[in-house]
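Visitor: In order, the protein sequence lines correspond to chains C and L. Reminder that position 248 of the first sequence reads as 331 in our numbering, one-by-one numbering, no gaps. Reminder that position 407 of the second sequence reads as 415 in our numbering, one-by-one numbering, no gaps.
Honestly, the hints are just simulated from the structure, not real lab data. For each residue, glycine too, the CB sits at the ideal point set by N, CA and C. Check each hint, because a few of them may be wrong.
Stated by the list, open to error - With beta-carbon atoms standing in for the labels, derived distance ranges:
{"hint": "1", "chain 1": "C", "residue 1": "224", "chain 2": "L", "residue 2": "60", "range": "23 to 33 angstroms"}
{"hint": "2", "chain 1": "C", "residue 1": "293", "chain 2": "L", "residue 2": "19", "range": "47 to 57 angstroms"}
{"hint": "3", "chain 1": "L", "residue 1": "60", "chain 2": "C", "residue 2": "114", "range": "50 to 60 angstroms"}
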Amino acid sequence: MRRFQAFRAQLFSGPLITLITISFGAFVLLWMLQHGFAAVELSASDQGHSHHGLTFPMGYEMLNWCVMVIAMMTPLVAHNLSYVRSAVDARIRGSVALAFLLGYWAVWCVTGLFLMPLTALILALADANIAFLIMILGGLIYSASPIAQLGRNLCHQSQRLEAFGAPAQWSSARYGLVTGMRCTLVCWPWMIVPMLALSGHMAAMIIVTVFLFFDRLSLPTKPAWRIPPALGTVFGPRLGVPALNGPA
Amino acid sequence: MSRIRKDIASLGGVWSDTMTWYANAVGAMRAKPISDRTSWTYLAAIHGFDQRGWAAQSIIPSFPDLPSGNEQRLMFNQCQHAGWFFLPWHRGYLHAFEAILASWIESQGGPSDWALPYWNYLNAGNATARDIPQEFLDPTYDGGKPNPLATASRGPATSLGTKPWIPVDITLNAQSETFYTSDPGGLGYGGPISGFAQQGNAYGANESDPHNLVHVMVGGGKPVAPQGWMFDPNFAALDPIFWVHHCNVDRLWAAWMDAPGHTQENSQPWLNGPFPRQFMMPNPAGGVDVFVPGETLPGQPLEPMYDKLVHGTGKPPAPASGGLGVRGTAVSKPPASRLIGTNDTDMTLGADRVSSRLAIKAPARSPGLGVAAARRGGKRRVFLSVEGVKGEVPTAVLTVVLTPAGADPAAAPEEAKKTLVFFGLGNATSAEGPHGGSGLTQTVDITDIAASLMDGDEIEAHLQRSEDSDVEVKVERLSVHVREED
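Build the full structure now, drawing on both the sequences and the hints.
Guide: Following this line, the structure appears as structure tokens:
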């Protein structure tokens, strides 16, 4: 109960609520995009196109991808954004925070150029249901790996920011770019998972978003193979520690 | 059981019953292996643990019987520094330590009300207050037995005060801070908002002075590395003097809360502590308890009792009808500081002095800025922040001299010289620690010198390290903030 209270208190402090609101808005937009395109999808199916073959116009797919990453990845940068806001002139905090987010989102949008073709390749090679399950397993193994922990550690780092005017915007955008690159190192396998879901695409996105959010709440630590940190965050510190409440 | 913590100097001379039992208990706990949650080394490792370094100094065997890896990750290296959990975490830590020692002392036929004493080093009414208590220096006690309280690696100091390795004295300045929580760029009593040492990376006023200074005065000054245990958070709690020092730091917090006009933080994120990692302490039965900062506040289970909160705390004697009964807390919302200038590049400090200029924004130089605050009976305070300091040394001491741009720092007045201690710098630099490698920030009040500096467009900061070391220290940014206080 006390862990839940601590979590709830953190949820309502700092910029996290704003970021969750942006994320929610992007989820709604994505839903509208996908359902607004239903008529086009029917038409596309008549012409031999299909959604999971990723044969829609590239611009549309990229738009979907970018909205998807804004929905899924935005809540992960709350502590980076707190740092950005505290390091600059108070009068430009809003615009500098936006510059950071634009840099961060830009990296994730570009990542789509690699991950979408990779998804298409996986679908071409394997049954979608099997690929979906294998990708979840692969994501869990990757999250447990030292390389993912190295990326998580890097995600928590700050860097020098300029405080005033245009230099502040640029340095913040650069920090957003760097944070985005570090974030892709941690999260890239999980971004493929929702795209492999034949049904419940939106539900898969939400579940992965929550998983990655809890993953990012874990503290930096020495890179090593360990239980995926998101599970430790959710289930509590006693995970895997016998008899912690009794005499040693 | 009501345990009342008392001033070592008031216990009735050297080797009082309280101190003798403290030494007995430390000796007994030292005999236990680190796998035992009530052992000396386990308790010290909760603050900070460096397995290789401990083995190199024969504190533990080369192949010790350690707790499981998971337990180490949960219990060891918990110490909260440079953030708003510094004071409540150490209060819970002292409570657990005291309970374990008191339980052993009672089991051995000692007093049932034994309490950890405090080293009241800022008591102006005691001429020898700053001397390290004799019990921590005597090689033997109780008829010639080796003295466990003196078994520690320390520097040459036998008293606190200005030293060659730390050219500044301890003060009670922190006690005059009004708000608990520091705003970005400003100073508060307890430090800025932080997670499990993840976000917050700046010291509060109490932690800066006297806490950090005492650590360096006692642990520093050795001609060759490694420095004494108190110098390094990964060793500090191995020294028995650590506990009486922190007991006094905790008492200063108790006195600060008890004084009128101070607002203690009690927002939900502070009261409930960090997430997902929480504060966990062993108990005398060998189990583990979780605690949250809210439990350390007055009236709560972990509140300690002190014999008095006056003498050495800056708190005036309470009126006859007052005393320890004043327990008010309120939301601590500090006035926002305004950033008015930064330097233009990061800095690397070796053995030589490095200078950097800070451009000050024109409106901040206006003499009218402080008028509104003065009209309200308030004041305008100016702060210098030394931000993002990183270095592969346990602790670094920097001296900053502020001058008008181009002026000779050697000719600067004494108030232009500020000595800053970055206790735990190495831990904060490690990307694999809970700080995430973002380094440390130290904020210092420069109101006393600001008026003579703000005439020009720029001020110049001259930074120099106080200790001899080949390891470079990097400073990411210097910034100046102003705060209008009521």
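Visitor: Hints first: check each against the structure and report whether it holds.
Guide: Now the hints, each set against the structure:
For residue 224/C and residue 60/L, the Cβ-Cβ distance of about 30 angstroms falls inside the hinted range of 23 to 33 angstroms, so the restraint holds. The given range of 47 to 57 angstroms is respected by residue 293/C and residue 19/L, whose C-beta atoms sit roughly 56 angstroms from each other. The supplied range of 50 to 60 angstroms is met by residue 60/L and residue 114/C, whose beta-carbon atoms lie about 54 angstroms from each other.
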